[in-house]
Amino acid sequence: MTCDLTCPADAMLGDVALQLQKTALEAEDCIYSRELLLRTAVNRPTILTTSTALQAVGTGVETSLVAFGTPVNTFNNTLLSSPFNAWRNIFLQGGIFLCGATFNATAPTPASNTSRRTTIGLKSSSGLSPDFAQSVLFTQFETTIAGGIDICVAGVFGAPAGLFQGDVTFLHDNGSNVDIAAGLILWVTRLGDLTATRTI
Amino acid sequence: MPDTTPIYEFPYPCENEQITEAVFSDLANAIDTKLLELQSDQFEALNRFNTSEFSASNAVAAGVDTVIAGASSTYTIPADGVWQIVATTVTSAAPATFTSHRLRVRKNAVVQFGIRQNPETAFYDIQANGCITAVVGDVISFQVLYTGTGTWTMSVDWRALMHVRIA
Chain A
3 MTCDLTCPAD
13 AMLGDVALQL
23 QKTALEAEDC
33 IYSRELLLRT
43 AVNRPTILTT
53 STALQAVGTG
63 VETSLVAFGT
73 PVNTFNNTLL
83 SSPFNAWRNI
93 FLQGGIFLCG
103 ATFNATAPTP
113 ASNTSRRTTI
123 GLKSSSGLSP
133 DFAQSVLFTQ
143 FETTIAGGID
153 ICVAGVFGAP
163 AGLFQGDVTF
173 LHDNGSNVDI
183 AAGLILWVTR
193 LGDLTATRTI
Chain B
2 MPDTTPIYEF
12 PYPCENEQIT
22 EAVFSDLANA
32 IDTKLLELQS
42 DQFEALNRFN
52 TSEFSASNAV
62 AAGVDTVIAG
72 ASSTYTIPAD
82 GVWQIVATTV
92 TSAAPATFTS
102 HRLRVRKNAV
112 VQFGIRQNPE
122 TAFYDIQANG
132 CITAVVGDVI
142 SFQVLYTGTG
152 TWTMSVDWRA
162 LMHVRIA
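Protein sequence lines correspond, in order, to chains A and B. Going by this note's numbering, the final residue of the first sequence carries number 202, and the count climbs one at a time with no gaps. Going by this note's numbering, the final residue of the second sequence carries number 168, and the count climbs one at a time with no gaps.
There may be inaccurate statements among the hints.
[Claimed, not checked] Every beta carbon over 12 Å from chain B, so not counted as near; a handful from chain A, in silico: (1) Thr65; (2) Ser83; (3) Leu94; (4) Thr111; (5) Gly164.
[To be verified] Counterexamples of contact, computed for chain B against chain A with all Cβ distances above 10 Å: (6) Ala62; (7) Val65; (8) Thr77; (9) Gly138; (10) Asp139; (11) Val140.
[What the hints assert, rightly or not] Per the computed footprint, the stretches of chain A lying under chain B, defined by three or more beta-carbons under 8 Å from a beta-carbon of chain B, are: (12) 35–47; (13) 67–75.
Hints were generated in silico from the structure; no laboratory data involved. Just so it is clear, CB atoms sit at the ideal spot from N, CA and C, and this is done for glycine as well.
Between the sequences and the hints, there should be enough to build the whole structure, so can you do that?
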């Protein structure tokens, strides 16, 4: 780090005090601007939300889990405040994002070998298409054993600024409802810019 | 009475104050201290905690929700932050018969997330991947359960990665 800090010149004592004040203020200004850059670079926008209530998903209906079960912010170092809208909208900033979902899905009346499909990814924010533009999906199958299915899906996505929102959907063919337990975690962290001109 | 800068409180003398060598050294030391603090933060930012370990082998009985034990079976969180935990079962001997198997990640013995699979005809390894907040001293551990007969001999290959440090 280099800064042009002026040195005290030969002068009267009052001038020395004034010069030291000027030096102190210049040093602070120089260091502060660099601390801001450091904090901005290392404080990666990250959001974790956790649902607080059980909520059911009907059979054969691909259902968004983003606002499920009255989510609260577990961790959020962004300016986006509303838990589910923050997770959904952080991708509008643009960049490379690592995101995931973990939850338990238990059917009160489970049907063995029926499917449980979880999809996570990006959708157009204009709403013109309800389909995922980028996605990762994982399909599991009911075992008809107490405790339901523990599910976790994660993926890395590249989002140009202003184009995409995030979503997590769940689809099953159990024949009756499947309950998404409280404790559903949605998480996302911004890894970096979509196009990096220089990496260190 | 010396005054200080508004943000970092670097000291400087006021008018009519006696100027001694301490005035210069106090200011220099204050600036030095701040620079060392930033240097430390920069180092920690570029070297986020990131560990990868392979647990000791465990013999898991059918129907018993088993906490993985032995060497490298737990991780004590070294710093507050947002952590991603990825854990994968590594099977050395599959059970005789099987209808489901499950791997869960715990923080201080409380389940955080996991994965359960219906393996049907082929017993394969499973991976749990999730993100949690944790503070210094929290203990990450792993728990497995399978239904069937026989013994599942396995280890857990896991990694813990800090995404955000909370100072």
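Right, here's what the structure says about each hint:
No beta-carbon of chain B comes within 12 Å of the beta-carbon of threonine 65/A; the shortest separation is about 20 Å. The Cβ of serine 83/A lies farther than 12 Å from every Cβ of chain B, with a closest approach of about 18 Å, so its non-interface assignment holds. With a cut of 12 Å on Cβ distances, leucine 94/A stays outside the contact zone with chain B, its closest approach being about 20 Å. The beta carbon of threonine 111/A sits about 17 Å from the closest Cβ of chain B, which is more than 12 Å, so the claim that it is off the interface holds.
Distance check for glycine 164/A against chain B: the nearest CB is about 24 Å away, which clears 12 Å, and the non-interface claim stands. Distance check on alanine 62/B: its Cβ is at least 16 Å (rounded) from any Cβ of chain A, clearing the 10 Å threshold; non-interface status holds. Look at valine 65/B: its CB is around 14 Å from the nearest CB on chain A, clear of 10 Å, so calling it non-interface holds up. Look at threonine 77/B: its CB is around 20 Å from the nearest CB on chain A, clear of 10 Å, so calling it non-interface holds up.
The Cβ of glycine 138/B lies farther than 10 Å from every Cβ of chain A, with a closest approach of about 18 Å, so its non-interface assignment holds. No beta-carbon of chain A is positioned within 10 Å of the beta-carbon of aspartate 139/B; the least distance is around 14 Å. Here valine 140/B stays apart from chain A, with its beta-carbon at least about 19 Å from theirs, past the 10 Å limit. For a cut-off of 8 Å, the count of residues in the stretch 35–47 of chain A with a CB near a CB of chain B stands at 7, and the three-residue condition holds.
Coverage of the stretch 67–75 of chain A by chain B is violated in this model, with 0 residues showing a Cβ closer than 8 Å to a Cβ of that chain against a need of three.
In summary, the structure is inconsistent with hint 13 from the numbered list given earlier, while agreeing with all the others.
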